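Colleague: Residues per chain, in single letters:
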Amino acid sequence: MSANILGFEIEIYYLVILLPLIGGLFGYLINRLRTEFNFVGFVLTLFFAIKLFIISRNEVISQVTATIFGFDAKIYIDSLAGFILLFNAIFAFLIWVYSLKAMSKKPRERAYYLYIALTLAAANGVVLSGNLIFLLIFWNVLVFSLYGILLVGKKDSSFAARKAITIIGVADFAMMLGIVILLVKVGTVNFPFAPRILLNNPWLIFSYILIFIGAIAKAGAMPLHTWIPESAKVVPASTMAFIPASLDKLLGIYLLIRVSYFIFDISGSMPIRIILMAIGAITIIAAVMMAMVQKEAMRLLSFHAVSQVGYMVMGIGTGIPIGIAGGLFHMINHAIYKSCLFLSAGSVEHRTKTTQLDNLGGLGTKMPVTMFTFIVAAFAISGVPPFNGFYSKWMVYQGVVELSGQTNLWPIFLIAAMFGSVLTLASFLKMIHSLFLGQRPKVLNKVREARFDMVVPSLILASACIVFGVFAKAIPLKHLILPALPFEIGEIGFWDPRLATILIIVGVIIGLIVFLLGTAKKPRRSKVFVGGEILDEEAARITGPNFYSSVNTLGMLKKTYDFGEGGAFDFYNYLLGITRGLAVVFRDVINSLIVAFYKYIGKLIKALGNLTSALHTGELYNYIGWMFLGGIIILILLVL
Amino acid sequence: MIGLDFFLDRFGIFLSALFIFIGLMSFIYSLVTIKQKGHRLEYYLMLLLIVGSGVGVALSYNLLLIFIFWEISTFAIWRTVGFYRKEENIHAANITFFINFAAAAIMLIGLVILYLDNGTFNFFEIKIYNDLASVFILIGILAKSVTIPLHIWLVPAYKSVPSAIGGCLAGIAENIGVILFLRLFTAGNYFAPEFFNVVAWLAIATSIIAGGAALLSKDLRDFLAFSTISQIGFILLGFAVGGRYGMIGGALYILAHALAKSGLFYGVGIIEDATGKSDLNTISGMFKVSPVLGVSMAFLACSIVGFFPMIGFFAKLGVIVGAVEKSGYFGIGAIVAAVFTILYIIRFYNNLFFGEKIGKIKNISYTGLTVVFILALVSLLLGIFIYFPENYLIGNGGF
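Protein sequences appear in the order of chains S and E. Sequential numbering of the first sequence, starting at 1, is according to the working numbering. Sequential numbering of the second sequence, starting at 641, is according to the working numbering.
No lab work stands behind these hints: they were computed from the structure. Note that the coordinates shown come from a computational prediction; the quantities given were computed from them, not determined experimentally. Do not rely on the hints blindly, as some may be mistaken.
Said to hold, decoys possible - Pairwise CB distance ranges (calculated):
1) S:M627 <-> E:V752: 29 to 37 Å
2) E:V935 <-> S:S463: 50 to 58 Å
3) E:K675 <-> S:L593: 36 to 44 Å
4) S:N573 <-> E:K997: 53 to 61 Å
5) S:F597 <-> E:N770: 22 to 30 Å
6) E:N770 <-> S:L593: 37 to 45 Å
7) S:S62 <-> E:R650: 33 to 41 Å
8) S:L629 <-> E:R725: 43 to 51 Å
9) S:S592 <-> E:I668: 35 to 43 Å
10) S:T67 <-> E:D649: 20 to 28 Å
Each residue gets a CB set at the ideal place from its N, CA and C atoms; glycine is no exception.
Whole structure, please, built from the sequences with the hints as guidance.
Modeller: Take a look at the structure:
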């Protein structure tokens, strides 16, 4: 399928890589026309991505375009790839629209757009590659662009960028080794792998684990997540919404599903699946516990971006078709609601210039649309029906329950998942209160609603949350998720979101009627005073951040939190610590050995020199004696 | 016994082109940085000798001729390391000369044994490899190509060498050892696999240990020295594991490393000249001083780490595929070394370029900047259009 661009016939799948690249690069070079170039880049990419998605529903595009370095540069687009491709383009477009206002006149704005375009091009490249080596190549470009985009910070973000590139880079090398082992042991890394590879050889298991590390480092599951909260503090909200919240999840989970069910087949290997589910469970609980006690909006959201990965990894780890579908569905849902949350919080930050929850509050009346989008997305992430997050979590739960015949550990995973959901809701109640409810600080009285091009992307995402939840079976599952997976999925539970939605709406209406009838008591308002002195309203303001402060002052947990904040669970610190420790050992022990070696050689030579100089005393009779001795030896040798 | 025995094969032409390009870049950079009146003429002679001896080793098939070029190279390195003629420079030059010369003398014994066994110095006709001779020659190779435990001369040498010729040291002079290894040892099946396994493990150990030292080094020159040692380990690993990918990977690695390391050397030289300091921890915020330098050095650093748009990616990939084909454990070792590489490169780059500007910073010479930029650009273009070097190397008469 080719398209005609300015008289050239070009295959569409090249266009989705080239267009953002060209748009971004020219926009960077010709700053005056940046918006125009970017517009062409992003909108046309979206257009062609939709086209490719439609094609991929009916046929699989599989084409070897060239051979580079002995590997086939293969394009392979099945329905999974088409689906991810579509959402890459959608998110990039929405973030671009949002950034037009949010990033204007910010430092290094030009580079920001270049990196967004580069990221989109590389992400599309990852999805299109039909060969793991080429997937690795595009994956590498993503490391590059991630480093660049993290450097475009609100303040000095070089440390966060360094942390990110270290973790992702190390995981990349692990993945490289995994792919190379696969190449050497199996002989090919071209898609599709038929038959799929069974995990029956230690090297193949090792290879799977290494590629898995690359995937979850991208997706941000524990323990490779720490760069996400680190960068949340220093980079703009739109960057967070674009990379860790949406694109990285799309790509990481895409690779995880690819490697788990298209390349290898892990459904026969229970230990691997249990490891996956355990990583999922730990990620859910640990990250949400950290999120609960955060006092800064972006950092709180970023811990949720980690926590939700747990559901996806857990769903994929179940090995049960409905669980895997749930994991994939949760990925797309997460990308939608989490980027919506970041964008809404970014709008608040744009107007109020702060993200400290202590300094915010009561913005609901000032920014009603933002409040609406935020609350919808917050309910979706917490798994409140009928929003989309509930449906996908529901599918993951079913997958875990269906494990009951295979392992006895399933109740633990189920409890972890459900408990995580409860804690998510708790922490979002805190955040909603801190941002939109409660008393408003006086400094925020002049705050207005964000401009329409910042509100519209959030609104689109929020309505997607509702549509994907209420019409889950009819739209996303039927058209996106189920065609993308290689197995049949039976009946998906008895949950009918449409009926539930009607009931919920009826409930809300009844509640409203009761409220409006005035039978509910109006709250009494009076001045706050202490000891006869009337307190300033500012001082009496109840802020959100301390909602759950009892959690982190609770004996055991307090210690754990202290460790957590101190970086005790940070893979990066361990990586640096271990390598530096090894380095010290290398430097000291081995260098001193080598130095000693040279010293002794020096001593040896010196000793030889001393010996010969001792023979040369400068006295004549000594030399005559030596001459005689030498003459006698020569004589003896001649005679013999 | 000895004649002007030269031959042209694809690998030799590839290396000659690379060496002359590196030499040209070094020459341009020298024009603005080498200002000493007295022995400036000698400097350019030595520069040409280093380039010429590198090309000579790459193109001759007579072992004795190779040895002569080898010694010319040693001599030129000795003179350039002592270029500034201060006490510590002369000391460093002496260490360099002693180790290189002693190892070359041992190597000469090995070469003579080979001659006595085979009756020729032509390495195409050598069929009988005496074990002792091989070990002796290996010692010479390891000393020249800075492999542990004979790497020790490189650190003082890098500290005292003018930055303008450091790129030549990294890009040309240290490669001739691995070139001889490739020419002499990997031509046929004369060796037990254990020999190559030992060399491969030695290369991996060198790479990891030097990577650790680079991670800790405080001085810019120390950093460059250990980084070079660790990267040359990868080249040696590629040639030692052999196979198609190992060979191409090793050859591309020579290319990638020569371009990137000489570029980094000139970049470091620019930074040293501008700030007057050479402590990694006291220089920062250079990105604001010169974004062009920052971006160029980022590309060069990525080439050393092995990230895609750069040629270094394919070099590393080739070496690792070759290593895994031989044994998965080599692959693990190579990846550990690669992890060390990424850690020390990121530390180096982040420390230098980000953070607050410290102290007074002089203007940056545009000539030097151009050289670094060209090297970065060439690394990038070769990485994107990888099929040019790759097709050249695997073409008729190549690997």
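Colleague: Is it true that the C-beta distance of S62 (chain S) to R650 (chain E) lies inside 33 to 41 Å, as the hint says?
Modeller: 35 Å, holds
Colleague: Looking only at beta-carbon atoms, does the pair V935 (chain E), S463 (chain S) fall within the given range of 50 to 58 Å?
Modeller: Hint violated: Cβ distance 41 Å, outside 50 to 58 Å.
Colleague: Tell me if the beta carbons of F597 (chain S) and N770 (chain E) are separated by a distance inside 22 to 30 Å.
Modeller: 25 Å, holds
Colleague: Kindly confirm whether 43 to 51 Å is satisfied by the beta carbon distance between L629 (chain S) and R725 (chain E).
Modeller: 46 Å, holds
Colleague: Within 29 to 37 Å or not, the Cβ separation of M627 (chain S) and V752 (chain E)?
Modeller: Once the Cβ atoms are compared, 32 Å apart, the range 29 to 37 Å for V752 (chain E) and M627 (chain S) holds.
Colleague: Hint says 53 to 61 Å; check whether the CB-CB distance for N573 (chain S) and K997 (chain E) agrees.
Modeller: 28 Å, violated
Colleague: Within 35 to 43 Å: is that where the Cβ-Cβ distance between S592 (chain S) and I668 (chain E) falls?
Modeller: 41 Å, holds
Colleague: Does the beta carbon distance between N770 (chain E) and L593 (chain S) stay inside 37 to 45 Å, or does it fall outside?
Modeller: 29 Å, violated
Colleague: With respect to the beta-carbon atoms only, verify the hint that T67 (chain S) and D649 (chain E) lie 20 to 28 Å apart.
Modeller: 24 Å, holds
Colleague: Indicate whether the distance between the beta carbons of K675 (chain E) and L593 (chain S) respects the range 36 to 44 Å.
Modeller: 41 Å, holds
Checked against the numbered hints listed earlier, the structure breaks hints 2, 4 and 6; every other hint is satisfied.
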